[in-house]
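Chains as they are written, first to last, in the working numbering: chain A, 1 to 283; chain B, 1001 to 1283.
The hints are simulated quantities; they were obtained by calculation from the structure and are not laboratory data. Warning: the hint list may mix true and false statements.
[As the list claims (entries may be wrong)] If you only want the chain B side, here are some residues facing chain A, beta carbon under 8 Å, derived:
id : residue
1  : PRO1256
2  : THR1260
3  : TYR1261
Each residue gets a CB set at the ideal place from its N, CA and C atoms; glycine is no exception.
2 protein chains.
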Amino acid sequence: MVNDNGWFTEVYPKHGSAISLKVVEKLHEEQTPFQRIEIYETEWMGTLMVIDGCTMVSDRDNFLYHEMMTHPALYTHANPETVWIIGGGDCGSLKEVLKHPEVKKAVQIEIDERVTRLAEQYFPELCDSNHDPRAELLFIDGIQWVKDAAAGSVDLIIVDSTDPVGPAEGLFNAAFYRECFRCLKPDGLLVQQSESPLFHAELIRDMHHTMRGAGFATTRTLFFPQFIYPSGWWSGTLAGKGTLDRFREEDARQRPFATTYYNPEVHRAAFAAPEFFKPLLPR
Amino acid sequence: MVNDNGWFTEVYPKHGSAISLKVVEKLHEEQTPFQRIEIYETEWMGTLMVIDGCTMVSDRDNFLYHEMMTHPALYTHANPETVWIIGGGDCGSLKEVLKHPEVKKAVQIEIDERVTRLAEQYFPELCDSNHDPRAELLFIDGIQWVKDAAAGSVDLIIVDSTDPVGPAEGLFNAAFYRECFRCLKPDGLLVQQSESPLFHAELIRDMHHTMRGAGFATTRTLFFPQFIYPSGWWSGTLAGKGTLDRFREEDARQRPFATTYYNPEVHRAAFAAPEFFKPLLPR
């Protein structure tokens, strides 16, 4: 919502805080069957997409989230040929995934086609790779997709979802993780956005335990800044059928594409757990 | 300033953004000869100190700033016996410095005594070590202090200041760095808070060049999250007369004190430069 002075504000009611972005113009607003989407032109953050009142993606800082939700997991897997992106309707994660020449097939399973259609219109640079022959865009329920998929059919699942309330709630539980585990090849892995280390440490803790309970051998959380998300500090959590200690560092160093945040040093750094976080982790 | 609904808001006008914290109660407000200080009880961030409208320190997240402005520099220096803290009136950095048994003398040079007196009253846990026999609290101008100090008299200078406008402006220029360089012992180093990598990358770039121009052989920036500072992502920049590549890792691992964020992995991680940052650095 935008006030009379032209500020969009997202309130984090449980954490007594809020961020505001100065709006130049509202570009679009619609209610889809799933959620309310707003698009704004902001003064400094560029174009901004808001879903159900929560900031989702901005021109200025989306590189942090999209690079960190993709490259660390891709360079952890020995040979990621098949990738699914559950959610990710703005196509920013898909674009990063397709930068990897090893990837032969990337399927984006977004429940709300309108997110993607609006991204194509308002965030065209995120949709650069939507017509890559290796890309497939499906607009169906990701939970149903993993239920229906064949066992051992994918190398990497990226869960690029909204918060664990509303349409994305079913992406944060044991039943979903068990289906992901089943769909993954023996060396497969999952990475999921896992909220704020400052605001939601218990959620991340629970995610580790639930992922391990669903069969994953190892789990690790990576940390990165993200101004427009609650607390400005965000995380992704990986779950591996096998090791997560692998890092194809030389491949990352020789990567045949540009990045804005990610590099091999950032990769290693992102996995450093803050001291307060260690007691929350399994084992 | 707090609005009618009880929200304190800090606006970042150049970056079209703002954060807000829900206030339970205003505890104090005064105009000192240097600045306006407000103290609030907030709903989730605990007690909050605001100087000239900018959030300075909160109970909930000050551990990030205070640990990262001290421990990485202290464990970079081979044997930090004498430490000066320029600014740092809330005493949080002093407390972290005095956790190091190597430190024989820590002098805090804060221009505004009221900051410290209010910290003693409203942030008593940050002031735990103010009566440590190794501590000396001075309430004088830090710029004058370094001008008057003997050459080669200190191992580590921590510049824990407000933003480079107002009273702290003179802490971000070549003349100040030259005096710091002169005061440092041959193996001495300086660390200074250096604003947001997202909002102020050019300021950090200029700081590197100015520090090197003032005689420092090497400079390095470290990165950490800090919710209540602009963009939620903050930095400190080190300047060394000698190497900054040293890390007393075993000492950090065996540290005889508790930390909330810092540990040896976080130490290494904090120095990883984002890809966009690398072209800004000297050499």
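Structure-based check of all given hints:
A hinted interface residue such as PRO1256/B counts as satisfied when its beta carbon comes closer than 8 Å to some beta carbon of chain A; here the least separation is about 14 Å, so the hint is violated. At its closest, the beta carbon of THR1260/B sits 5 Å from a beta carbon of chain A; the interface hint therefore holds under the 8 Å criterion. Among the interface hints, the one on TYR1261/B holds; its C-beta lies about 5 Å from the nearest C-beta in chain A, closer than the 8 Å criterion.
Against the hints set out earlier in the document, a violation occurs for number 1 only.
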